[in-house]
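These are the residues of each chain, in order.
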Amino acid sequence: MVLIAFATVAILLICILARIYSILPRSTKTRHSHHSRDSCRLAVFLGSGGHTSEALSLLSSLDFSRYSPRTYICSAGDLLSAKKAVAVEAAKAAESPSHPTQETRLNKPYSIITIPRARRVHQSLLTTPLSAARSLAVCLYYVMLLPLISGEPFADVVLLNGPGTCCIVCLAIYFSRFFGLPSPKIIYVESFARVRSLSLTGKLLRLFVDRFIVQWPDLLRDQGRGECRGWLV
Amino acid sequence: MHVFVTVGSTRFDNLVQRALSDAVLDVLRAKGYSKVVVQCGNSEFDSKAFKQSGDTWVRRDHGEVEVWRFKPSLQEDYEQADLVISHAGSGTILDVLRMRKPLIVIPNETLLDNHQQELASALEDLGHLRASTVSGLPETIQTLEPSDFVPFPQFNGSRFREMLDEEMGFAP
Numbered sequence: 001m002v003l004i005a006f007a008t009v010a011i012l013l014i015c016i017l018a019r020i021y022s023i024l025p026r027s028t029k030t031r032h033s034h035h036s037r038d039s040c041r042l043a044v045f046l047g048s049g050g051h052t053s054e055a056l057s058l059l060s061s062l063d064f065s066r067y068s069p070r071t072y073i074c075s076a077g078d079l080l081s082a083k084k085a086v087a088v089e090a091a092k093a094a095e096s097p098s099h100p101t102q103e104t105r106l107n108k109p110y111s112i113i114t115i116p117r118a119r120r121v122h123q124s125l126l127t128t129p130l131s132a133a134r135s136l137a138v139c140l141y142y143v144m145l146l147p148l149i150s151g152e153p154f155a156d157v158v159l160l161n162g163p164g165t166c167c168i169v170c171l172a173i174y175f176s177r178f179f180g181l182p183s184p185k186i187i188y189v190e191s192f193a194r195v196r197s198l199s200l201t202g203k204l205l206r207l208f209v210d211r212f213i214v215q216w217p218d219l220l221r222d223q224g225r226g227e228c229r230g231w232l233v
Numbered sequence: 001m002h003v004f005v006t007v008g009s010t011r012f013d014n015l016v017q018r019a020l021s022d023a024v025l026d027v028l029r030a031k032g033y034s035k036v037v038v039q040c041g042n043s044e045f046d047s048k049a050f051k052q053s054g055d056t057w058v059r060r061d062h063g064e065v066e067v068w069r070f071k072p073s074l075q076e077d078y079e080q081a082d083l084v085i086s087h088a089g090s091g092t093i094l095d096v097l098r099m100r101k102p103l104i105v106i107p108n109e110t111l112l113d114n115h116q117q118e119l120a121s122a123l124e125d126l127g128h129l130r131a132s133t134v135s136g137l138p139e140t141i142q143t144l145e146p147s148d149f150v151p152f153p154q155f156n157g158s159r160f161r162e163m164l165d166e167e168m169g170f171a172p
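The listed protein sequences derive, respectively, from chains L and V. According to full-length UniProt numbering, the first sequence is numbered sequentially starting from 1. According to full-length UniProt numbering, the second sequence is numbered sequentially starting from 1.
Think of the hints as simulated: they come from the structure by calculation, not from any bench. Remember, predicted model here, so these are calculated numbers, not experimental data. Each hint should be verified, as a subset may be incorrect.
Unchecked claim - Not everything, but these chain L residues come out facing chain V in the computed CB check (under 7 Å):
1) Ser48
2) Gly50
3) Pro69
4) Arg206
5) Leu207
6) Phe208
Said to hold, decoys possible - Here are the computed lysine-lysine pairs in the DSS-like style, where the Cα-Cα straight-line distance is at most 30 Å:
7) Lys51/V - Lys71/V
8) Lys35/V - Lys51/V
9) Lys101/V - Lys84/L
10) Lys71/V - Lys48/V
11) Lys48/V - Lys35/V
12) Lys101/V - Lys35/V
13) Lys83/L - Lys108/L
14) Lys48/V - Lys31/V
15) Lys71/V - Lys84/L
16) Lys51/V - Lys92/L
17) Lys84/L - Lys203/L
18) Lys101/V - Lys92/L
19) Lys71/V - Lys83/L
20) Lys83/L - Lys51/V
21) Lys108/L - Lys203/L
22) Lys31/V - Lys51/V
23) Lys92/L - Lys108/L
Glycine included, C-beta positions come from ideal geometry on N, C-alpha and C.
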């Protein structure tokens, strides 16, 4: 009896691991989607402070008519990031005062969603699993459940640049992939402040994201995954 | 000439106190900087020699020295400065270097993570700024040659745009 139970658990575990392995990004995978598209849904995580500034710098370089609509993911309580996102949107709108098309008149070109922090500064390690689980539940709602209900995909591409809570966003996307649901590509950009050592978030996400981008070449001296095309912010 | 000292949103008592010390104020005056503005954030400093008016502390016995905690934007203060002395936060570094202002950064050694130090040294090696320490600040100011700085490249959005456009299948 015990043996059968043990075998079942083992087989299940192997299946799960095999599935996770099968959805890991491959470096040999063809990168380019060859069909040309009109627009692409973009989501970006704003991790507060320097993370937010860098993420919005990256975003400001993009052609917003290509990346539309945009979803800004903020941490609960981080009003400043939301404000900065609105400012970037306003600046971009002023820059190219295009005539509102049918689509943009019906839908807002961007939205801001809020997720609970996985761990607050100084929070005890004991309660961290609880708050992380709450954060994951909200992410799963936006990434997996809401698209299933509404039929509107969450995003085609997600931009992450730290800190910790963005790992939860990545995890939620992996749940979608695990079940074979549509899921966005994940782009991770390490901070300009990281010169010789990756951040903990960078180390954690390196194998799981579709593009791992750093801004200082020294960070790739271990010959590990990633690419560097110089300073991006 | 004006000097602007900033610690951003952090607390950096040692830097603020050092910037307000006689050693630093004397060498600044000797180099021709007559006004020092200090954005001290949450740092503690000795305000005995200062007169407080509103949110600002002022003293005029050592050139003109002005201290305040926060402003919504520091852009204007960067613009007015002929020299910026800052904690080594990457946001401040980018903002100041892009305005082509001479910059001295002092990484906070009391922080656990030393990546501020790494960034400061890397940019110093490239000639964009001077990295110093709290105790070495007067000497750094003394030996500073603003014309020696290598201009920092302006923001180049095309790199990331091209990477993402390519990844998402947009024609270049």
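Results of checking the hints against the structure:
| no. | hint | result |
| --- | --- | --- |
| 1 | Ser48 | violated (10 Å) |
| 2 | Gly50 | holds (5 Å) |
| 3 | Pro69 | violated (15 Å) |
| 4 | Arg206 | violated (17 Å) |
| 5 | Leu207 | violated (18 Å) |
| 6 | Phe208 | violated (16 Å) |
| 7 | Lys51/V - Lys71/V | holds (19 Å) |
| 8 | Lys35/V - Lys51/V | holds (16 Å) |
| 9 | Lys101/V - Lys84/L | holds (25 Å) |
| 10 | Lys71/V - Lys48/V | holds (23 Å) |
| 11 | Lys48/V - Lys35/V | holds (19 Å) |
| 12 | Lys101/V - Lys35/V | holds (16 Å) |
| 13 | Lys83/L - Lys108/L | holds (16 Å) |
| 14 | Lys48/V - Lys31/V | holds (26 Å) |
| 15 | Lys71/V - Lys84/L | holds (16 Å) |
| 16 | Lys51/V - Lys92/L | violated (44 Å) |
| 17 | Lys84/L - Lys203/L | holds (28 Å) |
| 18 | Lys101/V - Lys92/L | holds (27 Å) |
| 19 | Lys71/V - Lys83/L | holds (16 Å) |
| 20 | Lys83/L - Lys51/V | violated (35 Å) |
| 21 | Lys108/L - Lys203/L | violated (36 Å) |
| 22 | Lys31/V - Lys51/V | holds (25 Å) |
| 23 | Lys92/L - Lys108/L | holds (14 Å) |
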